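Take the given structure of chain A and dock chains B, C and D to it, following the hints.
Spelled out, the chains give:
Number of protein chains: 4
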Amino acid sequence: MCGIVGVFNNTEAANFAYLGLYALQHRGQESASIVSVEHNGTSNLRAFHAEKGMGLVAQVFKPEVLARLPGNAAIGHTRYSTTGDSNLLNAQPLLAETNKGRFALAHNGNLVNAEGWRKELEWRGSIFQTTTDTEVINHLIALSRKGNFTEALIDALRQIEGAYSIVLLTQSEFFAARDPRGFRPLVLGQAGESWIVASETCAFDLIGATYVREIEPGEIVRISQNGLESVKFAQAVKQQCIFEHVYFSRPDSVVFGRSVYRTREQLGRLLAQQHPTPEAEIVVPVPDSGVPAAIGYAMESGTPFRMGLIRNHYVGRTFIEPKQSIRDFGTKLKLNPVRELLRDKSVVLVDDSIVRGTTSKKIVRMVWEAGAREVHMRISCPPTIKSCQYGIDTPTSEELIAAHRSEEEIRAFIGADSLHYLSLVNLRSAVQPGEHGFCDECYSGRSSLVRIEG
Amino acid sequence: MCGIVGVFNNTEAANFAYLGLYALQHRGQESASIVSVEHNGTSNLRAFHAEKGMGLVAQVFKPEVLARLPGNAAIGHTRYSTTGDSNLLNAQPLLAETNKGRFALAHNGNLVNAEGWRKELEWRGSIFQTTTDTEVINHLIALSRKGNFTEALIDALRQIEGAYSIVLLTQSEFFAARDPRGFRPLVLGQAGESWIVASETCAFDLIGATYVREIEPGEIVRISQNGLESVKFAQAVKQQCIFEHVYFSRPDSVVFGRSVYRTREQLGRLLAQQHPTPEAEIVVPVPDSGVPAAIGYAMESGTPFRMGLIRNHYVGRTFIEPKQSIRDFGTKLKLNPVRELLRDKSVVLVDDSIVRGTTSKKIVRMVWEAGAREVHMRISCPPTIKSCQYGIDTPTSEELIAAHRSEEEIRAFIGADSLHYLSLVNLRSAVQPGEHGFCDECYSGRSSLVRIEG
Amino acid sequence: MCGIVGVFNNTEAANFAYLGLYALQHRGQESASIVSVEHNGTSNLRAFHAEKGMGLVAQVFKPEVLARLPGNAAIGHTRYSTTGDSNLLNAQPLLAETNKGRFALAHNGNLVNAEGWRKELEWRGSIFQTTTDTEVINHLIALSRKGNFTEALIDALRQIEGAYSIVLLTQSEFFAARDPRGFRPLVLGQAGESWIVASETCAFDLIGATYVREIEPGEIVRISQNGLESVKFAQAVKQQCIFEHVYFSRPDSVVFGRSVYRTREQLGRLLAQQHPTPEAEIVVPVPDSGVPAAIGYAMESGTPFRMGLIRNHYVGRTFIEPKQSIRDFGTKLKLNPVRELLRDKSVVLVDDSIVRGTTSKKIVRMVWEAGAREVHMRISCPPTIKSCQYGIDTPTSEELIAAHRSEEEIRAFIGADSLHYLSLVNLRSAVQPGEHGFCDECYSGRSSLVRIEG
Amino acid sequence: MCGIVGVFNNTEAANFAYLGLYALQHRGQESASIVSVEHNGTSNLRAFHAEKGMGLVAQVFKPEVLARLPGNAAIGHTRYSTTGDSNLLNAQPLLAETNKGRFALAHNGNLVNAEGWRKELEWRGSIFQTTTDTEVINHLIALSRKGNFTEALIDALRQIEGAYSIVLLTQSEFFAARDPRGFRPLVLGQAGESWIVASETCAFDLIGATYVREIEPGEIVRISQNGLESVKFAQAVKQQCIFEHVYFSRPDSVVFGRSVYRTREQLGRLLAQQHPTPEAEIVVPVPDSGVPAAIGYAMESGTPFRMGLIRNHYVGRTFIEPKQSIRDFGTKLKLNPVRELLRDKSVVLVDDSIVRGTTSKKIVRMVWEAGAREVHMRISCPPTIKSCQYGIDTPTSEELIAAHRSEEEIRAFIGADSLHYLSLVNLRSAVQPGEHGFCDECYSGRSSLVRIEG
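Chains as they are written, first to last, in UniProt numbering: chain A, 1 to 454; chain B, 1 to 454; chain C, 1 to 454; chain D, 1 to 454.
One chain only, chain A, in its complex shape (with noise of 0.2 Å):
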């Protein structure tokens, strides 16, 4: 779960790169990062810039330290850790020198050969300076024999397989590349004469950049003084992430070529249709993420859709709970009904999936609490079997509640009337299939991962 974003000929690349990571921010809140560097400048080997820093966009780039990274180039990460210890020394984008120049590297997805390569070239004598396995790219980079920087990160992206979306930035081109499956997102934008890549299009809306295309799974984007250049380094085999749609982006933003929205919308009709409810009076959403399903769901039984629980937006980092504890505090900080709409009512309740099965109980309790007469679970998602190694932050499957346990036994354990998901066959249409390859390994269990030859 990581957010990139890159800046390419633009005055203030690195205030662009930190506007892009503010949008992406629910793509990570653990740390973030800027790399910054002066294209136009002489050939200077000092010439990059790193800032980086735990917590939120906002709170690591005051305006002190965004002044600390000038340049017409920059590229951005933001980050929730997935591999690696979750600190500050793994905070990418990682810098490397080479025999190729100084470059800087910010990755978003899981590489799955990573661990044998890292053995590999320690063996040889290389060193690594992180535990993350976006390392090992900038060491076949290194090592590569190849003539120009674009052939020696071909060479290096055909040797690692797994899940990749990159921005790259040399002294004086940046790479945008994505793994042949298109795993993760990545999107090409343009505002004015500057080229702006990021994860998703909602960081060009607030930078008022125009969203031109996608990168294209198995191309690197290659842009210099020279203009914008495509090169495709392996067949596209379109494995996309299925969960980018159901939870992970957000909502506004166009992913792999389609509205977010209008799929999670869909999800919602689709369950109605499947799942319907006639005994409710009303559809409320777990906000924010079970929203657009709950307007679908809403929409298509035509029961009245209502804001019965209300989301805290003022959460801070450093919160306190009192020690005479208050049961479901957490919840309770993020959450809260509203008594007048719940009570005595029958309520269907949507979200977008349950995980643990904790919260999901905690919520289905506080409905319950606020008088309501029956409470009916429906998730916008088939039941989360299997853990992702693709760069999603999902508990190992032990913890994974559906990976154990029966609906009837979660429905008993979450303490709703009913519960129901919808199928996979269902979620599939949603996101059309005909059109778009998608990898649904956390739900239907089967792998999807298609060996690529270069």
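These aren't lab readings, by the way, just hints derived from the structure by calculation.
Here the structure is a predicted model, which means the values were calculated and not measured.
The C-beta atom is built at its ideal place from N, Cα and C for all residues, glycine as well.
Check before you lean on any hint, since a few could be wrong.
[Claimed, not checked] Here are the computed lysine-lysine pairs in the DSBU-like style, where the Cα-Cα straight-line distance is at most 30 Å: (1) Lys-62(C) with Lys-334(C); (2) Lys-386(C) with Lys-361(C); (3) Lys-62(C) with Lys-146(D); (4) Lys-62(B) with Lys-334(A); (5) Lys-146(D) with Lys-62(A); (6) Lys-332(D) with Lys-323(A); (7) Lys-62(A) with Lys-146(A); (8) Lys-232(D) with Lys-146(D); (9) Lys-323(C) with Lys-386(C); (10) Lys-119(A) with Lys-119(D); (11) Lys-119(D) with Lys-334(C); (12) Lys-238(C) with Lys-119(B); (13) Lys-332(A) with Lys-323(B); (14) Lys-386(C) with Lys-238(C); (15) Lys-146(B) with Lys-100(B); (16) Lys-323(B) with Lys-62(C).
[Said to hold, decoys possible] Between beta-carbon pairs, the in silico distance windows are: (17) Met-54(A) with Asn-113(C): 54 to 60 Å; (18) Thr-396(A) with Ala-67(C): 30 to 36 Å; (19) Arg-373(B) with Ser-423(A): 32 to 38 Å; (20) Tyr-314(B) with Ile-385(D): 54 to 60 Å.
Relative to chain A, chains B, C and D alone:
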């Protein structure tokens, strides 16, 4: 615009006051303060502890700050400046050492005869430490010749006019009081052996307290080791602030005995009846405050409800605007359109107010730029034509667009195809005037002030 | 223990006040505050700016804080609590809004009749905002029926007793005043068109100002657009604090008209005459305060002066003591012996005072452990036998080792071969009693307080 | 200019490393870092903990930061940049993950063949994470084909040239090493069962450790659960840095087996013999570093020693210079003259060096403005004529005033009546050349570098 809270007989009084202020954060985001005292302690004149700071509640009250607030009684205040300089010197609760002992007082409201009293008191030799009107009450208490504190407080309150909800802490007692008109809300709750007083019931939900009742207009509630006692210091003449229901209170609160969410949804329904938009294809709220009215509008009209604008909830306080300015940057930081929903649609945009008109103009433009075919603006209250003198931070009448321009002129200014407001009659019917008296001077222009006899 | 400063008619008044406080940092390290005002401005009641914080001057007054202190007049205060709670609420300058306009006052000293006045004033209905004795002066000014501010100030000062040096700022005038005994220092300086008042002359050196003269005991100096004016409000009866010369003032200051360094060197010379140590091989000061006396002792005795103890000047405020405790850790943080100098030597250790005896004991042990053959302790003042009631933060008489133990007992306690103090007669001769009257109650036990007639 | 420390077999290793760095603060004030590891723990690859920050040791290592450094072994580094960018990315200790496991290395010194190695290693495909020369050592260790870590370290050290004192931590061992010339100091101490290695002995005094001996030139000391072991990796050819004795080390340290204070006092004595000033009335040091030499000068000449310049020890890092500039403001912040001592006196001013001459000029002017009749400058070392290539942060030879100007020209520039330096012969005699070999290239201009055979 302020939020106040008081906690009595709780070993974690300051922690609970902090959580209460956190739930009331929407009532004031400029500064936050808490004063605590140990009521069971020996009679130590030095026993008050005070901490205050500029910023959000969770920023000011770090764990180490809360640790400096021991005691079993506390009052807190979160503030958006109305009178007085906007700085920390004026932050309430104000501490006073007097012939009646030490006390601390926090107040939400605005006194209309404060300036006259201030001149009179200064002439007598009193020293003011702030420019807030609150301090007048402290001096009237200190100067009262009445024998005990309760009587001195009654004495003081009978001499002031205006809107006030008060929490007051002495070294052994806790007081809550509300002006005879009951202009600002103030509610009483209970959690085990502890009493809680707060501006809105949403503070109780977070703390795990139960709503008991409102502090009545013209009532002083006195809580001490001897329990709770109620004193009527003036005849109630209800003139409650209608704007609390329209905009200011949180939708999940019960205010003036009525659910705020329900009121707002009803405003939307009445708006749809009064100003239908049969040509529209979707109803889109301006989030978050416009959501309940938009749901009501959609329900009543049968037009589909869509979250066509997404609110970004990571807004930090040190935001950097790029030099190469982005059009409507501030609005884009907060809102982002879902283009796929708005494109080629006839949109009803529902908001709860138009103040200066500049923000509405930007939002309408954002909807146009997302590709809408038609934009119909509907406002869930009447035009705001007069500035509030009781503590709501409305701009001066000069700045209020509706004070000078016709509906048609405003429509042209914001660039919508049509614009309609809810009528005052409908607004009044939604808050049930039969049962409650309301002040609607900001909409009607007619003063609601009634001189109160003690 | 406080330092005060005032700057008048300077476009950078707050910056200069800051630098003055910085030079006076040794007089109080708990909190620092500045109030500024624009005297040339229009008569705006809101024109005072105030900033304060806990900690060192350079920590509190970051550039962004100083930027909030515009104006051409300013007063500042750095404080080590003497009376009142040790917290920010009590930090001076105190602001007052009165019938004589707004003013701010800062004071160095201790009033002996403050508690009586406080009770009397509270009885009349006055409210105190702090527990400091300073606030009594503010109330007496506010209550005075005199026609102008200067007369009201005289009125107030004639009613209080004790030690005080005062700077006071109104919206158009600046005042400096000193009690009739002249207990605490206060000096007047000039820099171009600007006037500076400060506790010690070292503040002038840093600012680039020239020393003009002392504010006289019993004098009020009033500075306004009309220039400087002097008023005698009481007959001077000099009883200046002898401890300023012995320890408290900086050695590079001129205090009570005399160089502090010269006094201390003379104390050392007299100490050598009174208590020679012919067997000693080196004279070692306890740095930094013992250095001038040790130089004097070495000169007079002909014994070589050596810096056998080095002071560590990087001491931060958040120091972590290891759990596996290191003997005399706190002392080691500050001082380190030069073993090569002390080994096998007979050492005269010169310090300026022994208070509780515990620090001296640790230092003597440090010298022993460095290998000294003999340790002879010499103190450049008489035994401190009484706690100060005029604002020096000496411990209670119970804690003063010399209040209860003989010189021989103290010697045994600190573990030295010999211990001798300077006699009171010699101390008096060093500060030239012929010219100046001094208070030496802490050494003599005899009260120097003289009731002053107005 | 750096300070390094290592702690082995201590349950509070990071706390002790912190205290050691604190005592070594004078060796580098730009950044501070500590890496810790639990040597007794299970073989966990993730076991290193690292914290670093810009600023003083006590600012960087707040209690909450130290709490993130568990383990029983730690190394630390405090740095004033010599090579490499001056920023946090370059802060040591550097962490490396290699085929020989994880390790962390910190070094004080300068390698002269680092640039060549860096090019060679990059050509082979190695990636550098910093621009420091230290990183070359890490790569040479990683690339060594030797069987165990000690041999790989020897392998690496035999390939580098220059000045280095090293501390290195693996997951089970601790190493300390010094280059064959022993250019920079490095000492071994013991505290109970724990071993401490530090740049200077003053670190031992604070920690309560006992000085054992120097790490010898050309020696590697290896400490593990099996105890301490010494390996000679090269023949020692002593060429120790004479500047450590003249200026850089703390006077209370024993460096290269000799007391720094004693050396400096002796430099002052020899200076008085070589350049007597019979007409002078007082000897005044430029504090703090000039004090021991001034004491020596005063003793030898019989001229009285006086602290005529007082150093202000509260200097903070965010100092604001007023716009209306004060002459020699920066110098005044640090030093203040005692006018009473200097007025009408013929003064010998003793300092330990003149670098660019600008500071000396300001100090001489300060003494003149305090009223001195004559000012005679005496410097306790020869003229600095060459920039140091082994890590002392002297300016370029172009900036060194003595590289281009005669003594008479320098005297005229700083504005003194006379100026004299100590001769190189005398400097050498003071540090006992019979016993120790020293590098004095900065004074003599003659390179002391001897190519070392492994």
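Review point. So which of those numbered hints doesn't the model satisfy?
Key: Those not satisfied are hints 3, 5, 6, 7, 9, 11, 12, 13, 18.
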